[in-house]
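There are 2 protein chains.
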Amino acid sequence: MFLPCLLSLCSEEQQAYWVPAARSKKVLGCYAQTELGHGSNIQALQTTATFDPATDEFIMDTPTTQAYKWWPGTLGRTANTAMVIARLLLPQESSSSSPPSYKDMGIHNFIVPLRDLHTHALLPGVVTRDIGPKIAFAGMDNGCLELHAVRIPRANLAQRFVRVTRQGVWSRVEGTHSKAAYVTMMQVRAIIVVHSARELSKACTIAIRYSAVRRQGFDDSKTGSELQILDYASQQYRLLPLLAASVGFFFCGRAVLTLLAETEDALLKGRKGQAEVGALMGRAHAALAGLKSLCTTIAADGIEECRKCCGGHGYLACSGLPELSGNFLQQCTVEGDNVLLTQQTVGYLLKSYIKWRTGGPVLDEECQYFVTAADGAHAEGLGEGGKGLRDEPAVLSLFSRRAFATLERLALRLQSLTEGEASLSQAGAWRRVLVDVMFVSRSHALYTVLRHFAAGLQSLRDGNDVSGVGKAGADAAFIQVLERLFFLFAFYHLSKEAGDFLELGLLSPEMVARVRGEVEILLGEVRPDAVALCDGWDWDDFELKSALGRWDGRYAEALLASAKREPLNHQDPVDGWDRTWQPQWKVEEQMERARL
Amino acid sequence: MFLPCLLSLCSEEQQAYWVPAARSKKVLGCYAQTELGHGSNIQALQTTATFDPATDEFIMDTPTTQAYKWWPGTLGRTANTAMVIARLLLPQESSSSSPPSYKDMGIHNFIVPLRDLHTHALLPGVVTRDIGPKIAFAGMDNGCLELHAVRIPRANLAQRFVRVTRQGVWSRVEGTHSKAAYVTMMQVRAIIVVHSARELSKACTIAIRYSAVRRQGFDDSKTGSELQILDYASQQYRLLPLLAASVGFFFCGRAVLTLLAETEDALLKGRKGQAEVGALMGRAHAALAGLKSLCTTIAADGIEECRKCCGGHGYLACSGLPELSGNFLQQCTVEGDNVLLTQQTVGYLLKSYIKWRTGGPVLDEECQYFVTAADGAHAEGLGEGGKGLRDEPAVLSLFSRRAFATLERLALRLQSLTEGEASLSQAGAWRRVLVDVMFVSRSHALYTVLRHFAAGLQSLRDGNDVSGVGKAGADAAFIQVLERLFFLFAFYHLSKEAGDFLELGLLSPEMVARVRGEVEILLGEVRPDAVALCDGWDWDDFELKSALGRWDGRYAEALLASAKREPLNHQDPVDGWDRTWQPQWKVEEQMERARL
Ligand SMILES: Cc1cc2nc3c(=O)[nH]c(=O)nc-3n(C[C@H](O)[C@H](O)[C@H](O)COP(=O)(O)OP(=O)(O)OC[C@H]3O[C@@H](n4cnc5c(N)ncnc54)[C@H](O)[C@@H]3O)c2cc1C
Ligand SMILES: Cc1cc2nc3c(=O)[nH]c(=O)nc-3n(C[C@H](O)[C@H](O)[C@H](O)COP(=O)(O)OP(=O)(O)OC[C@H]3O[C@@H](n4cnc5c(N)ncnc54)[C@H](O)[C@@H]3O)c2cc1C
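In the order they appear, the protein sequences are chains B and D.
Under the UniProt record's numbering, the very last position in the first sequence is 596; numbers go up by exactly one each time.
Under the UniProt record's numbering, the very last position in the second sequence is 596; numbers go up by exactly one each time.
Since the hints were derived computationally from the structure, they do not count as laboratory data.
If you're wondering where the values come from, they're calculated on a predicted model, not measured in any experiment.
Heads up, the beta-carbon is just placed ideally off N, CA and C, and yes, glycines get one too.
Incorrect hints may appear among the rest.
[Said to hold, decoys possible] Listed next, the in silico DSS-like pairs over lysine-lysine satisfying Cα-Cα at most 30 Å (straight line):
#1 B:Lys179 <-> B:Lys351
#2 B:Lys308 <-> B:Lys496
#3 D:Lys308 <-> B:Lys496
#4 D:Lys496 <-> B:Lys351
#5 D:Lys564 <-> B:Lys25
#6 B:Lys26 <-> D:Lys564
#7 B:Lys134 <-> D:Lys308
#8 D:Lys496 <-> D:Lys387
#9 D:Lys308 <-> D:Lys564
#10 D:Lys26 <-> B:Lys564
#11 B:Lys308 <-> D:Lys134
#12 D:Lys308 <-> D:Lys496
#13 B:Lys134 <-> D:Lys134
#14 B:Lys179 <-> D:Lys308
#15 D:Lys308 <-> D:Lys134
#16 B:Lys351 <-> D:Lys308
#17 B:Lys134 <-> D:Lys564
#18 D:Lys496 <-> B:Lys496
#19 B:Lys308 <-> D:Lys351
#20 B:Lys308 <-> D:Lys496
#21 B:Lys134 <-> B:Lys26
#22 B:Lys308 <-> D:Lys545
#23 D:Lys545 <-> D:Lys134
#24 D:Lys564 <-> D:Lys545
#25 B:Lys179 <-> B:Lys103
#26 B:Lys134 <-> D:Lys545
#27 B:Lys308 <-> D:Lys179
#28 B:Lys355 <-> B:Lys269
#29 D:Lys351 <-> B:Lys496
#30 B:Lys545 <-> D:Lys134
#31 B:Lys545 <-> D:Lys308
#32 D:Lys134 <-> B:Lys564
#33 B:Lys387 <-> B:Lys496
#34 B:Lys564 <-> D:Lys25
#35 D:Lys179 <-> D:Lys351
#36 D:Lys308 <-> B:Lys308
#37 B:Lys25 <-> B:Lys134
[What the hints assert, rightly or not] Counterexamples of contact, computed for chain D against chain B with all Cβ distances above 12 Å:
#38 Gln92
#39 Arg160
#40 Ala422
Isolated chain B, as found in the complex (with noise of 0.2 Å):
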């Protein structure tokens, strides 16, 4: 996070002195905004930097324990430079007084030198420490940090957007976007969609890899051999829609990372409007809150219930699964909280739909879907017009409805909230909806996935595929294969949220039963391609890590080789066993021999 910041936070002169300083890894660099009494509400932080006009410095400081930086990655022991964000204090122009008062401009990003480049030790007013045992990321020296009246030079402000002059007054920077901060976060975010898709399919990997090589359970005839748990209905219904949900979102990956290579490009060449750049930050930032907040979600859930899939073993941390699990649930998380992080898509997706019901202008991509939800008249049902139940248009449709409907009944829950005489605020009115707010993201955000999934088999069925899915030979029997993933992941959600569809009288009680057969039905066709899909994701035994997952399939010999390798099985019996277990016989034999 250190490096991005300061190519999107710092100004070309800044860069110059400090990209090369990063990289050759003399400046140890950690991202430090996160305090111990605030996480999410970044406007509450209360780290100060207090402008000195005597000396031209800032004055760092965290003035109580909630101040304390707490959580940066490597703040702990490795750190020597920290980008802090901080609270601006500037002298007001009027106070001569003293002591002088200040105006708080907000947030801004300071580089803050913690210790001496050379000899590693904290420097003067700075205290870190490690914050201790994690469920993961041992290795990771996660740290909090206290900042006693440390001074940095004025140039130390990040001055990409704003500046302070000599006389602490601060401007921004002519041509600059307001939000145009926000791109690294954005790329974090797009980056941990991608992430998703690549760690649930590992998850996959091991737990279906394994359920095709453990035989649990006897066929009709009771003897014999027994069957592969892969074939169970149930373990087929657990593994199979994650394995679908890990190719989905790799296609949903794959255009975040387009939409946000547009969105750099228009900021950073400077070729767009305010406006318009506005409007496409505007949209990158409402789709990538949304997808991170259902995807990592998804990915984490299902995660953990493939390492139940795998019974007993998947508890061993030589299964691999505990470790990815525990390193995944960061996710839901870190660059901004899951459940916060729907209140972002769905405070956008409610300004476009008012602009829009109110005659603005054209709506974006993400919202395009709107016109043709809204316009009922026109939607030809799933499963109608004879086209049976795999309809990609229908089944996109489908759901694009249930988003908008549900959006349409929270605009005007919230309309009917603030308006009349027990009305509420506008900012109780949303607290009040929150719940409500938690559902229509998950429902916009699930309509993107298979809309960008859906894209991304067109792209392959039109054989101008860009993502290397193509290169293993995009023949119309692999197409196939993953058409019938789409329909899975599709069907199985639809089924599982089958209650919002039939409240809004967009599926009829028989449809729903239908698409449950149909569950059932994808899931016996894509059970013999389950293993050869997830050999597709290319993971080594190296990557995977696994005794389960392994490639030949010989899980028996690797957990006994792990077995093998316990220190604790180097020595037997233990040492200190008699210190333990012995004395019951000692105090026995004495009393025995006290007896005689």
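Based on these hints, arrange chain D with the ligands on the given structure of chain B.
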């Protein structure tokens, strides 16, 4: 498990010898059932116990790697004796041929000495190992066991229910019930239900207390103090239904313990006939399987959700939540995998259903609801009859009708799959419908939890509560708070699983919308009592081991104190920094010197 097994599986003579030895910790026992290759399918275990008439011994063998015992707690380094589950092989009477042929008598229990009781050295032919690191329980040496022609006396067969004579003839002990051996397993499952309530309540206590002191996000004013995160509807929606679940599981646990006590009583005191005991066992077995599966699933997911609700700090070990979660996760797998258990419950329900439909005997308490649920005509719906939504009987009736309707649908489906031309075998059809089986079991168990929850409330209202809840003073206000939790739990699940109710025509779309609204209202009503309800569980800080869930709310101080204890912080710069980071400088300095 070892001691309970001695008590339930061994004859009185055997108990007289082994029980005192185990109680005095001379005999350190473990329960060795699971093998590397088999857990769920006990019928396929491969360890053998071959009777040798020549020496009057059993010869114990684990013939393949897959047969190695794998997982038993304390087996690795601690246990000196194991209760080993193995196939009993008896020489065929007719066979005087060499090699002799054996008859496989199926799974039996054997007491196998593993180590010398005095020196703790492994006995000849025995190999044990610790199986390596796990998600949690680092202190427990779950182990693996190889047995190579290990001889044990014939007397070491657990003989409460079966005997083998000196001549190698097998017989069942008269007057014992064939299923009696399952009692231990049921006891453990009942304890797990109780445990689900307790562990979930711990996680809720941590997360809810923290949510009441954690402030994040401004009130409308955008200045001044921030909101408690527990005041966001989304946070309430994630946490309060879990608190309600913990209370529901508490009542449920009490009910299953009572049921089990009845069953044991009937079994052990021999006051009832074989058929009656069999019925009671079947009923308890089915009830416990489904409840263990549902309660541990909800509790495991719920503990993790509580962790996520604490944001980044929930990822720290000192929050107490990672350990709580890691420890609990095994409960979804041990003592019957949660998915497999659904088959056991539904198998029982289907049998009862078919017997009943074909004019069979009266239904037991678990299935009593079939009668009213099938009788649609007399069903008074939720919100009908002017009672509003908070109508316990109507809620119970609704959930029972859902469970019944899904069960009936499954029964019809199985019938149609096994009849007609392209019909499947019973087992083949069963494998096909396993997804439905999961959902039917869940629906039944959810109804059962609600039934026990409502019965618990009724006993409080009647003033004859025996659980200890009443002791806290079951006044009307307290009962009202618990009633809110009942409705919150019910309506939360109703709205999440609304698809079923709508598809089955049990609720109208308007009603589902009302139920959703009611969930929000209930969240607001429960909110003010949430912390007090947690306090009511009476966990002290020592038991919670959580920096976030402290009784005094001082989480910031606790986090900081915990960081200060981290050993990494006792030295700065850390040892070895010069070998890892400094070289960057060295290289550069040398280059500069070279240039001079
Ligand atoms: C492994 C790891 C690495 C990290 N690395 C870094 C790093 O390098 N640098 C750095 O600066 N930080 C880092 N962080 C911190 C991370 O960015 C924060 O944890 C994250 O932003 C969430 O903030 P929080 O922990 O304060 O949660 P909180 O905001 O306190 O959230 C707690 C709960 O309250 C809810 N909530 C909060 N506000 C609202 C609201 N307005 N409406 C509804 N609900 C709300 C949340 O949904 C959540 O359930 C790291 C964290 C972890 C776990
Ligand atoms: C912490 C811990 C402690 C333990 N302690 C002990 C102990 O002291 N003594 C002991 O003997 N054992 C112990 N065990 C082992 C435990 O009992 C088994 O792990 C458990 O019975 C599950 O069996 P399995 O691991 O073989 O899973 P499997 O049966 O291999 O299950 C793997 C997957 O296949 C599915 N599956 C299997 N069969 C079917 C079927 N017929 N239909 C549909 N799906 C199916 C399951 O749902 C699961 O998803 C312990 C395990 C753990 C994790």
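Evaluation of the provided hints:
| no. | hint | verdict |
| --- | --- | --- |
| 1 | B:Lys179 <-> B:Lys351 | holds (17 Å) |
| 2 | B:Lys308 <-> B:Lys496 | holds (20 Å) |
| 3 | D:Lys308 <-> B:Lys496 | holds (23 Å) |
| 4 | D:Lys496 <-> B:Lys351 | holds (28 Å) |
| 5 | D:Lys564 <-> B:Lys25 | holds (28 Å) |
| 6 | B:Lys26 <-> D:Lys564 | holds (28 Å) |
| 7 | B:Lys134 <-> D:Lys308 | holds (14 Å) |
| 8 | D:Lys496 <-> D:Lys387 | holds (23 Å) |
| 9 | D:Lys308 <-> D:Lys564 | holds (24 Å) |
| 10 | D:Lys26 <-> B:Lys564 | holds (28 Å) |
| 11 | B:Lys308 <-> D:Lys134 | holds (14 Å) |
| 12 | D:Lys308 <-> D:Lys496 | holds (20 Å) |
| 13 | B:Lys134 <-> D:Lys134 | holds (16 Å) |
| 14 | B:Lys179 <-> D:Lys308 | holds (29 Å) |
| 15 | D:Lys308 <-> D:Lys134 | holds (22 Å) |
| 16 | B:Lys351 <-> D:Lys308 | holds (29 Å) |
| 17 | B:Lys134 <-> D:Lys564 | holds (15 Å) |
| 18 | D:Lys496 <-> B:Lys496 | holds (9 Å) |
| 19 | B:Lys308 <-> D:Lys351 | holds (29 Å) |
| 20 | B:Lys308 <-> D:Lys496 | holds (23 Å) |
| 21 | B:Lys134 <-> B:Lys26 | holds (28 Å) |
| 22 | B:Lys308 <-> D:Lys545 | holds (26 Å) |
| 23 | D:Lys545 <-> D:Lys134 | holds (21 Å) |
| 24 | D:Lys564 <-> D:Lys545 | holds (16 Å) |
| 25 | B:Lys179 <-> B:Lys103 | holds (22 Å) |
| 26 | B:Lys134 <-> D:Lys545 | holds (14 Å) |
| 27 | B:Lys308 <-> D:Lys179 | holds (29 Å) |
| 28 | B:Lys355 <-> B:Lys269 | holds (29 Å) |
| 29 | D:Lys351 <-> B:Lys496 | holds (28 Å) |
| 30 | B:Lys545 <-> D:Lys134 | holds (14 Å) |
| 31 | B:Lys545 <-> D:Lys308 | holds (26 Å) |
| 32 | D:Lys134 <-> B:Lys564 | holds (15 Å) |
| 33 | B:Lys387 <-> B:Lys496 | holds (23 Å) |
| 34 | B:Lys564 <-> D:Lys25 | holds (28 Å) |
| 35 | D:Lys179 <-> D:Lys351 | holds (17 Å) |
| 36 | D:Lys308 <-> B:Lys308 | holds (19 Å) |
| 37 | B:Lys25 <-> B:Lys134 | holds (26 Å) |
| 38 | Gln92 | holds (18 Å) |
| 39 | Arg160 | holds (27 Å) |
| 40 | Ala422 | holds (14 Å) |
Of the hints listed earlier, there is not a single one the structure fails to meet.
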